[in-house]
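All chains should be modelled from the sequences, with the hints used to inform the complete structure.
Single-letter residue listing:
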Amino acid sequence: MKAIKWSFILLIVVATAGLLAFGPRANESLPKDRVVIDYWEKWTGNEEAQMRVIVDDFNNTVGAQKGIYVRYVSSSTINQKTLVATAGGVPPDIAGLFDVNLVQFASMGALEPLEDMARERGITASYYKPVYWNGCNYNGHLWALISTPTVVALHYNTRIFHENAAALRAAGLDPDRAPQTIDELDAYARVLTTREPGGRVIRAGFLPMEPNWYVNYTCYWFGGSFWDAQTRRFTLTSPPVVKSYEWIQSYASWLGKDAMSDFRNGVGNFDSPQNAFLAGTVAMEMQGPFLANFIYNRKPSMSTVLWTKDVEMKKSPAERLRNYEWAVAPFPTAVPGLKDVAYCGFDVLAIPRDSKHKKEAFEFIAYVNRQDVMEKLNKLHCKNSPLAKVSDDFLNNHPNPYIRVFERLARSPHAQTVPQIPIMPEVVDDLNSLSQRVSLLQITPQQGLAELQVRLQAQYDEFARQQRARGSTAY
Amino acid sequence: MRSETKNLFKGLGFISPWLIGFSAFTLLPISLSLYYSFCNYPLIQKPVFVGLANYRGLMHDSIFWTANYNTFIYAILALPAGLFIALALALFLNVRIRGQAIYRTLIFLPSLIPAVASAMLWLWLFNSKLGLVNFVLRGLGMKDPPGWLTDVRWALPSLVIISFWGVGNTVIIFLAGLQDVPSELFEAADLDGASKLQTLRHVTLPSISPVIFFNLIMGIIGTLQVFVLPFIMTQGGPGRATYLYTEYMYDNAFGYLKMGYCSAMAWLQLLVVLALTGIAFWSSRRWVHYQDR
Numbered sequence: 004m005k006a007i008k009w010s011f012i013l014l015i016v017v018a019t020a021g022l023l024a025f026g027p028r029a030n031e032s033l034p035k036d037r038v039v040i041d042y043w044e045k046w047t048g049n050e051e052a053q054m055r056v057i058v059d060d061f062n063n064t065v066g067a068q069k070g071i072y073v074r075y076v077s078s079s080t081i082n083q084k085t086l087v088a089t090a091g092g093v094p095p096d097i098a099g100l101f102d103v104n105l106v107q108f109a110s111m112g113a114l115e116p117l118e119d120m121a122r123e124r125g126i127t128a129s130y131y132k133p134v135y136w137n138g139c140n141y142n143g144h145l146w147a148l149i150s151t152p153t154v155v156a157l158h159y160n161t162r163i164f165h166e167n168a169a170a171l172r173a174a175g176l177d178p179d180r181a182p183q184t185i186d187e188l189d190a191y192a193r194v195l196t197t198r199e200p201g202g203r204v205i206r207a208g209f210l211p212m213e214p215n216w217y218v219n220y221t222c223y224w225f226g227g228s229f230w231d232a233q234t235r236r237f238t239l240t241s242p243p244v245v246k247s248y249e250w251i252q253s254y255a256s257w258l259g260k261d262a263m264s265d266f267r268n269g270v271g272n273f274d275s276p277q278n279a280f281l282a283g284t285v286a287m288e289m290q291g292p293f294l295a296n297f298i299y300n301r302k303p304s305m306s307t308v309l310w311t312k313d314v315e316m317k318k319s320p321a322e323r324l325r326n327y328e329w330a331v332a333p334f335p336t337a338v339p340g341l342k343d344v345a346y347c348g349f350d351v352l353a354i355p356r357d358s359k360h361k362k363e364a365f366e367f368i369a370y371v372n373r374q375d376v377m378e379k380l381n382k383l384h385c386k387n388s389p390l391a392k393v394s395d396d397f398l399n400n401h402p403n404p405y406i407r408v409f410e411r412l413a414r415s416p417h418a419q420t421v422p423q424i425p426i427m428p429e430v431v432d433d434l435n436s437l438s439q440r441v442s443l444l445q446i447t448p449q450q451g452l453a454e455l456q457v458r459l460q461a462q463y464d465e466f467a468r469q470q471r472a473r474g475s476t477a478y
Numbered sequence: 004m005r006s007e008t009k010n011l012f013k014g015l016g017f018i019s020p021w022l023i024g025f026s027a028f029t030l031l032p033i034s035l036s037l038y039y040s041f042c043n044y045p046l047i048q049k050p051v052f053v054g055l056a057n058y059r060g061l062m063h064d065s066i067f068w069t070a071n072y073n074t075f076i077y078a079i080l081a082l083p084a085g086l087f088i089a090l091a092l093a094l095f096l097n098v099r100i101r102g103q104a105i106y107r108t109l110i111f112l113p114s115l116i117p118a119v120a121s122a123m124l125w126l127w128l129f130n131s132k133l134g135l136v137n138f139v140l141r142g143l144g145m146k147d148p149p150g151w152l153t154d155v156r157w158a159l160p161s162l163v164i165i166s167f168w169g170v171g172n173t174v175i176i177f178l179a180g181l182q183d184v185p186s187e188l189f190e191a192a193d194l195d196g197a198s199k200l201q202t203l204r205h206v207t208l209p210s211i212s213p214v215i216f217f218n219l220i221m222g223i224i225g226t227l228q229v230f231v232l233p234f235i236m237t238q239g240g241p242g243r244a245t246y247l248y249t250e251y252m253y254d255n256a257f258g259y260l261k262m263g264y265c266s267a268m269a270w271l272q273l274l275v276v277l278a279l280t281g282i283a284f285w286s287s288r289r290w291v292h293y294q295d296r
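So the sequence lines, in the order shown, correspond to chains U and B. Following my numbering, the numbering of the first sequence begins with 4 at its first residue and continues without gaps. Following my numbering, the numbering of the second sequence begins with 4 at its first residue and continues without gaps.
Keep in mind that the hints are not guaranteed to be accurate.
Straight-line alpha carbon distances no greater than 30 Å define the calculated BS3-like cross-link-like pairs of lysine-lysine that follow [unchecked claim]: (1) 49/B - 45/U; (2) 132/B - 260/U; (3) 361/U - 49/B.
Listed below are several chain U residues computed to face chain B (Cβ distance under 7 Å; list not exhaustive) [unchecked claim]: (4) 83; (5) 84; (6) 90; (7) 111; (8) 264; (9) 265; (10) 268; (11) 269; (12) 391; (13) 436; (14) 439; (15) 443; (16) 445.
Just so you know, these hints were derived from the structure itself, not from any lab. Virtual Cβ for every residue (Gly too), placed ideally from N, Cα, C.
See below:
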C-alpha cells in the first residue's frame with residue numbers, strides 16, 4: 004500500500020516537472036526592446052491571416068524603427084471583451100470593433116478621441132470618402148479609423164439568368180442585365196424561382212432575408228431612414244420604412260412563409276459551399292465585395308469560367324468580367340430617379356480609454372490608414388477602400404473584378420452608414436426580431452413598426468436622460 | 004486564551020481559504036449586484052443610484068414579459084417531462100438484465116458532451132431539409148415534417164426535446180435512490196399480492212420521494228436559468244419565440260450595456276426561484292416521506 008502511495012506521488016512529481024520543463028510555450032516571443040501593444044481583433048481564418056500580414060509588415064518596418072511591436076490577438080465577441088476589459092481598467096491598446104458598437108462606446112466615454120493624432124498625420128476629412136469619415140465621427144470627435152470597409156450591391160448569377168433567358172424575355176425582362184428598380188427585381192425573382200410540384204422551393208430568385216445581414220437598412224433603397232439625426236428621433240413609422248417592411252413581407256406572402264422557412268433552413272453557412280448564392284439556390288442577393296473571395300475559395304468554378312486566376316489578372320478590366328458567372332450592379336431602388344443607394348458598413352480600429360500606449364497604438368492605426376497599406380489590406384480582404392484617393396493598381400488588380408462598381412457606390416451622395424444611435428445594438432436586435440416576425444407573417448409591418456417606434460424612442464430618451472444626469476451636454 | 008476560543012480560531016484558520024474565496028467571489032458580487040439593481044450602470048461608466056427605476060422599467064418592458072412567458076412555457080414543458088423520462092429510465096436501469104452496465108453508460112454519456120457540441124449536433128439533427136430527424140419522419144410517411152428550430156410553433160418544443168438529451172445526471176440520482184429502497188418493502192408488497200404498478204405507486208415512489216423532491220428543486224433552478232442551447236442554436240429566434248429570460252439578461256448586460264437593468268432581472272429571477280422553491284417545500288410536507296421520520 005505504501006509502495007502504491009509513493010509511486011503515485013512520484014508519478015505526479017515527475018509529470019509536473021516534465022510539464023514545467025517541456026510543456027507548452029507561447030508561440031510568440033516578444034521583443035524586449037520594443038513597446039508591445041495588444042491589438043484585439045474579431046477576425047479568424049483567412050481574414051485573420053490577411054490582417055496578420057499587415058501586422059507583420061508593420062512590425063518589420065515602422066514598428067522596428069519606432070520601437071513598437073503589435074501583438075495580434077484574435078478574439079470572439081470582441082465588443083463584449085473590450086467592454087469588460089475597459090471597465091476593468093485593462094483594455095487592449097487597439098480594439099477592432101464593429102461599426103454598430105462605435106457610437107455606443109463613444110457615447111459613454113469608453114474610447115479615446117483621435118482627431119488630434121489623426122490631424123498630425125494628415126488624416127482629415129478630405130483623406131476619406133465622406134460616408135466613412137462621417138461614420139467615424141460623432142459629437143464633434145473622431146473616435147476611430149477604419150481598417151476595412153464594405154459597401155453592398157446586387158450580386159446576380161449570370162448563368163441562371165442566361166439559362167432562363169427565354170422565360171425572362173417572355174416576362175418582358177432583359178436576361179443580359181440586372182434589375183434596375185425594385186419592381187423589376189420582384190419580377191426577375193418570380194421568373195427565376197422554381198418549385199417542386201408539392202410547393203417546396205428549389206431555387207429562390209431573390210429573398211430579402213438571404214442573407215439577412217443588411218435587411219435592417221432596406222429602407223435606404225426606399226428613400227428613407229429609421230433615424231433622424233437632427234431631431235434624434237426614430238422614424239420607424241415613416242412611409243418609406245413601412246413600405247420597405249411591406250416589401251420584405253411580400254416575399255413571404257407569395258412564396259409562402261412555411262416554404263420560405265423550409266428553404267432557408269436548408270441553406271448552409273456563408274463560408275461554405277452550401278452558401279445559397281454559391282450553391283445556386285438563390286439567383287440574386289445583396290452582399291459586399293468580399294463575396295468574391297468566398298466564391299473563389301469555396302466554388303472557384305464560378306470565378307474561373309475561361310481562365311485561371313493568374314491568367315485572368317493579366318487581362319483588361321473589361322475582359323476579366325468574362326471569366327465570371329456572376330455579376331454586380333447597384334441594388335435597385337423603389338424611388339423613381341433615385342440611384343446608387345448603398346449601405347456602407349465598416350470595421351474600425353479604436354483606442355479604448357485607459358489604454359496604456361495610446362501614441363504607439365495610433366502609430367499602427369495610422370500605418371494601416373496609409374494608402375498603400377490600406378489598399379494592400381483591402382485587396383487581401385477583397386473589399387473597397389475607405390480613402391478618397393484610390394490607385395489605378397488597386398482598381399485594376401483587385402481580386403473583385405467589379406470593384407469599380409463598389410467604389411462608385413461608396414462615393415455616391417446616397418451612400419449611408421449605420422445610423423449613429425448610442426443604443427444601436429438594441430435597435431439592431433429589435434429590428435432583426437421584427438424582420439423575422441414580418442417574414443413569418445406574425446405581424447403586419449405597420450403594427451410592428453408602431454410598437455418599435457414607441458419602445459425604441461423611450462429607450463433612447465431614457466439613455467439621453469441618464470447621460471444628462473451624468474453631466475453630459477451632448478444629449 | 005481559552006481552549007474553545009483557540010479551537011475556534013484554528014477552525015476559522017483552516018476554512019479561511021474558502022471563506023476568503025466565498026466572500027470575494029460570491030458574497031461580494033451578489034451584494035454588489037443588489038446595489039447595482041438600483042443603479043443605472045453601463046459598466047464603462049460609474050453606477051448612479053436611480054432607486055426603483057430599473058424594476059419599474061422591467062414591469063413596462065414588453066420583451067421582459069415575452070422572455071418570462073417563453074421561459075415559463077419551457078419550464079412547464081421541460082421539467083415534468085424531464086423528471087418523468089429520467090425516472091422511467093432509472094426504473095429501467097434498475098432491473099437486472101443483461102448489459103445493464105452498457106445501458107447505464109449509454110444513457111449517461113450524452114450528459115458528458117459539452118453543451119456547445121450538443122448544440123451543434125442538434126442543429127444538424129433538427130435541420131428541416133437535411134436533418135436526420137426529418138429524414139426518419141419522411142421515411143415513416145410524414146409528408147411535411149415540422150421546421151423545428153425555424154418554425155415558430157416548434158422552436159421552443161425543439162429546445163425542450165433537446166433538454167431530454169442531458170437527463171443522465173438526473174437518472175443517476177434516481178437510480179441511487181431506487182437502490183436505496185429497502186428490499187423488505189418489496190417483499191412485503193409481493194406477499195400482499197400487489198401488482199407491479201401498485202408496488203410502484205405505493206412503495207417505490209413514496210420511498211424515493213425525497214430524491215424526486217431534490218430533482219424537482221434542481222430542475223426548477225435549472226429550467227429557469229437555461230441559456231447555452233437557445234443562445235447557440237436559435238439566438239432567441241425565430242421572431243423571439245425562443246428568447247428566454249437568461250438570454251435577455253445577457254443581452255442587457257453585455258449587448259446594451261445595462262448592467263443595472265440586468266442586475267434587477269437577476270434579483271427578480273432569484274425571487275421567483277425562491278418562491279417556487281418555497282412552494283415546493285411547502286407542498287413536500289404532503290408527499291415527501293423520509294425514511295427516518
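Hint check:
Of the pairs offered as hints, the one joining residue 49/B and residue 45/U holds, with about 27 Å between alpha carbons and a cut-off of 30 Å not exceeded. Between residue 132/B and residue 260/U the CA atoms are separated by roughly 15 Å; this keeps the pair inside 30 Å, and the hint holds. For a cut-off of 30 Å, the pair hint linking residue 361/U to residue 49/B stands: about 23 Å separates their Cα positions. With its C-beta approaching chain B no nearer than about 4 Å, residue 83/U sits inside the 7 Å limit, and its interface hint holds.
For the restraint placing residue 84/U at the interface with chain B, the shortest Cβ-Cβ distance is roughly 9 Å, beyond the 7 Å limit, so the hint is violated. Interface hint at residue 90/U: satisfied, since its Cβ lies 5 Å from the closest Cβ of chain B, which is below the 7 Å cut-off. Below 7 Å, beta-carbon pairs count as interface contacts, and residue 111/U has one with chain B at about 5 Å; its hint therefore holds. Annotation: residue 264/U was flagged as interfacial toward chain B, and the flag holds, the nearest CB pair being 5 Å apart, inside 7 Å.
Checking residue 265/U against chain B: minimum C-beta separation of about 5 Å stays under 7 Å; hint holds. The restraint placing residue 268/U at the interface with chain B holds, with a minimum CB-CB distance near 4 Å, inside the 7 Å limit. For residue 269/U, the interface hint holds, the least distance from its beta-carbon to any beta-carbon of chain B being 3 Å, beneath 7 Å. With a cut of 7 Å, the hint placing residue 391/U at the interface with chain B is violated, because the nearest CB-to-CB distance is about 33 Å.
For residue 436/U, the suggested interface contact is upheld, since its CB lies about 5 Å from the closest CB of chain B, less than 7 Å. For residue 439/U, the interface hint holds, the least distance from its beta-carbon to any beta-carbon of chain B being 4 Å, beneath 7 Å. Hint status for residue 443/U: holds, given a least beta-carbon distance of 5 Å to chain B, under 7 Å. Interface restraint check: residue 445/U against chain B, minimum CB-CB distance 6 Å, threshold 7 Å, status holds.
Violated hints for the displayed structure, listed by number in ascending order: 5 and 12.
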